[in-house]
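*Asks:* Those protein sequence lines, which keep their order, are chains A and B. Residue numbering for the first sequence follows this note's numbering, starting at 1 and increasing by one per position. Residue numbering for the second sequence follows this note's numbering, starting at 1 and increasing by one per position.
In short, the hints are calculated from the structure, not lab data. Be aware that one or more of the hints could be misleading.
Claimed, not checked - Label pairs and their in silico Cβ distance ranges:
hint, chain 1, residue 1, chain 2, residue 2, range
1, B, Ala115, A, Glu223, 52 to 58 Å
2, B, Pro56, A, Glu18, 45 to 51 Å
3, A, Arg233, B, Glu294, 39 to 45 Å
4, B, Gly212, A, Asp8, 49 to 55 Å
5, B, Ala115, A, Arg233, 39 to 45 Å
6, A, Phe318, B, Pro178, 48 to 54 Å
Values in this document were obtained by computation on a predicted structure and should not be read as measured data. Glycine included, every Cβ here is placed at the ideal spot set by N, Cα and C.
Protein chains: 2
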Amino acid sequence: MNKKVILDKRPIGLPSEEVWRYETSEIPTPEEGQFVVKHEYVSLDPAMRGWMNDVPSYIPPVALGDVMRAGTIGKVVASKNDKFPVGAIVSGGGGVQQYSLGDGKNEFLVPANDALMPKFLGAMGMPGMTAYFGILDVGKIKEGDRVLVSGAAGAVGSVVGQIAKIIGCEVVGIAGGPDKCKHVVDTLGFDDCVDYKSPDFKSALRASLPKGIDVYFDNVGGETLDMALAKLRKGARVVLCGAISQYNTTGQIQGPKNYLSLLINRASMQGLIVFDYKDRYGEAVMQIGQWVAEGKLKTDEDIYEGIENFHSTFLRLFNGNKRGKLILKVN
Amino acid sequence: MNKKVILDKRPIGLPSEEVWRYETSEIPTPEEGQFVVKHEYVSLDPAMRGWMNDVPSYIPPVALGDVMRAGTIGKVVASKNDKFPVGAIVSGGGGVQQYSLGDGKNEFLVPANDALMPKFLGAMGMPGMTAYFGILDVGKIKEGDRVLVSGAAGAVGSVVGQIAKIIGCEVVGIAGGPDKCKHVVDTLGFDDCVDYKSPDFKSALRASLPKGIDVYFDNVGGETLDMALAKLRKGARVVLCGAISQYNTTGQIQGPKNYLSLLINRASMQGLIVFDYKDRYGEAVMQIGQWVAEGKLKTDEDIYEGIENFHSTFLRLFNGNKRGKLILKVN
Numbered sequence: 001m002n003k004k005v006i007l008d009k010r011p012i013g014l015p016s017e018e019v020w021r022y023e024t025s026e027i028p029t030p031e032e033g034q035f036v037v038k039h040e041y042v043s044l045d046p047a048m049r050g051w052m053n054d055v056p057s058y059i060p061p062v063a064l065g066d067v068m069r070a071g072t073i074g075k076v077v078a079s080k081n082d083k084f085p086v087g088a089i090v091s092g093g094g095g096v097q098q099y100s101l102g103d104g105k106n107e108f109l110v111p112a113n114d115a116l117m118p119k120f121l122g123a124m125g126m127p128g129m130t131a132y133f134g135i136l137d138v139g140k141i142k143e144g145d146r147v148l149v150s151g152a153a154g155a156v157g158s159v160v161g162q163i164a165k166i167i168g169c170e171v172v173g174i175a176g177g178p179d180k181c182k183h184v185v186d187t188l189g190f191d192d193c194v195d196y197k198s199p200d201f202k203s204a205l206r207a208s209l210p211k212g213i214d215v216y217f218d219n220v221g222g223e224t225l226d227m228a229l230a231k232l233r234k235g236a237r238v239v240l241c242g243a244i245s246q247y248n249t250t251g252q253i254q255g256p257k258n259y260l261s262l263l264i265n266r267a268s269m270q271g272l273i274v275f276d277y278k279d280r281y282g283e284a285v286m287q288i289g290q291w292v293a294e295g296k297l298k299t300d301e302d303i304y305e306g307i308e309n310f311h312s313t314f315l316r317l318f319n320g321n322k323r324g325k326l327i328l329k330v331n
Numbered sequence: 001m002n003k004k005v006i007l008d009k010r011p012i013g014l015p016s017e018e019v020w021r022y023e024t025s026e027i028p029t030p031e032e033g034q035f036v037v038k039h040e041y042v043s044l045d046p047a048m049r050g051w052m053n054d055v056p057s058y059i060p061p062v063a064l065g066d067v068m069r070a071g072t073i074g075k076v077v078a079s080k081n082d083k084f085p086v087g088a089i090v091s092g093g094g095g096v097q098q099y100s101l102g103d104g105k106n107e108f109l110v111p112a113n114d115a116l117m118p119k120f121l122g123a124m125g126m127p128g129m130t131a132y133f134g135i136l137d138v139g140k141i142k143e144g145d146r147v148l149v150s151g152a153a154g155a156v157g158s159v160v161g162q163i164a165k166i167i168g169c170e171v172v173g174i175a176g177g178p179d180k181c182k183h184v185v186d187t188l189g190f191d192d193c194v195d196y197k198s199p200d201f202k203s204a205l206r207a208s209l210p211k212g213i214d215v216y217f218d219n220v221g222g223e224t225l226d227m228a229l230a231k232l233r234k235g236a237r238v239v240l241c242g243a244i245s246q247y248n249t250t251g252q253i254q255g256p257k258n259y260l261s262l263l264i265n266r267a268s269m270q271g272l273i274v275f276d277y278k279d280r281y282g283e284a285v286m287q288i289g290q291w292v293a294e295g296k297l298k299t300d301e302d303i304y305e306g307i308e309n310f311h312s313t314f315l316r317l318f319n320g321n322k323r324g325k326l327i328l329k330v331n
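Next up, chain A with everything else stripped away, as it sits in the complex (with noise of 0.2 Å):
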């Protein structure tokens, strides 16, 4: 049987648990072209939260009734696809359930092993990309560019800034709690980091950046993201990736009042949505591959159990209660 996560009502605010309805199904069964997907890992991404809205966006919203979308990692266990044998490990959007029927239009091939499959939704699955193509295609880093990197220890943030400090970048990084910060600095190789939940976190910041910003990868938005703004260098660069700190409010978005620092310093801001990036994730994932593989660029995955601690789980992404990857493993 297919235990499966649906989404049953809209969310306001931070989703409560009656959001979801648990839902058990037959196993599907492959038709021509068709392939079965045991799911061992699905990935939770804040952008989930989006999806959840009924609104336009760039993707449609998940519909009420429809499985939860994620991410997903697992093994084919049945197949009807000569590319997609039994055995295969393959990552698509499989969703929050335990099987997925796939028609290889949207799933890849991965060359993992059972070992990698966590790393293949991590830093070389989507968060690899976004913080890869977002910082040197978007951001444009050079040698010697000051960076600074919220959502430090997340997923994407935490790969960004390693890639910022392989490339010769400043990098300061922005995180939640003193564990957190000391883990981007002496784990990660960040330049500094500092902690959004401690008191003195303004003067902190304007301390970190005495020469000010020439790239702001933003995970967050709101405050932060006006904080970054106030230190715009001339011709900056603001890279959109999130605004996790918008994503459960019940009220207006917090538009950022410094926008005009976008106009005095003749700098951009601009948005990032992996998947335009499609036809080069190749590229990508091969450069992090070997930077893992060197030594050079550390990756971190916070794996929980259980299809049924979805709910629980999916909260951590928003309260900061995980570090890296966030990652459901199913049993």
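Add chain B to chain A, keeping to what the hints say.
*Replies:* Structure of chain B alone, referenced to chain A:
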């Protein structure tokens, strides 16, 4: 004698007459390498409001006690500089006064005659340069793009929209009142113009943009920027040129709460300061001049007389009682 307008106090909100003080001094005498320009026209621009605030920006604020900074055009009346002989027509930043001393570092010889002088403060001066580089270099318009321009009857916006039409774009303007809107469509040749003073502005704007926007050229900020952000197409560009709705605010600047439309649409918002294009002014003046000569680009100057009327004329920038380039003729 040289009559001058001095910045006497920092304004809070809309400047009152008391922030200025009139002063009269001897007409300056040029030393070696210098020359004296008798101003015929003083340029009045929204940017001047920003220069009055004691905050860091792209140029230092006007110091209290200094002549109010402004663009000027006039004739050399005394010279110890061979490149700027008596009788030459010179544009520069001479300030709100009847005479100024130059050394040629920040002044330009202008191929104007008496009748053309005002145009060299408008479509063939800073506003024209701003429009040209803003819409072409930052906005990167191409044939068929859907372009929205606020301040469409203004010095910059009127040129922006006309250039976009020349390039082959569909162009919608935003202006204040039915007369200006009629002018923008009938004389300047925009495809449509929406009246922001009309009670049905929001619905009219939405109706005028059924397919959304590829480029939004923003002179106003505030609610209009938010409405434009909501209509961005994939890959759209927002050119930040000004935010006149916010310049006299006594509270906080209104940040664009729809800024995440940049993310969803992989769009960018980029600021522009025309001084960065100093090395290419010649290119723009030549091209705009040619369009004007061919009748493809109409120029509008709104000229008021008398340095003693500076304050009331300056306020026309903000109360909308002017059309096109606002200029003070120095008597």
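*Asks:* All hints are to be evaluated individually against the structure, with a verdict given for each.
*Replies:* Going through the hints against the structure:
1. For the pair B/Ala115 and A/Glu223, the beta carbons lie near 54 Å from each other, so the given range of 52 to 58 Å is met.
2. For B/Pro56 and A/Glu18, the hinted distance range of 45 to 51 Å is satisfied, since their beta carbons lie about 50 Å from each other.
3. At roughly 41 Å, the beta-carbon separation of A/Arg233 and B/Glu294 lies within the given 39 to 45 Å, and the hint holds.
4. At about 33 Å, the beta-carbon gap between B/Gly212 and A/Asp8 misses the expected band of 49 to 55 Å.
5. Taking the beta carbon of each, B/Ala115 and A/Arg233 are about 44 Å apart, inside 39 to 45 Å as hinted.
6. Between A/Phe318 and B/Pro178, the C-beta spacing of about 49 Å keeps the proposed range 48 to 54 Å intact.
When each numbered hint is compared with the structure, a violation occurs for hint 4 only.
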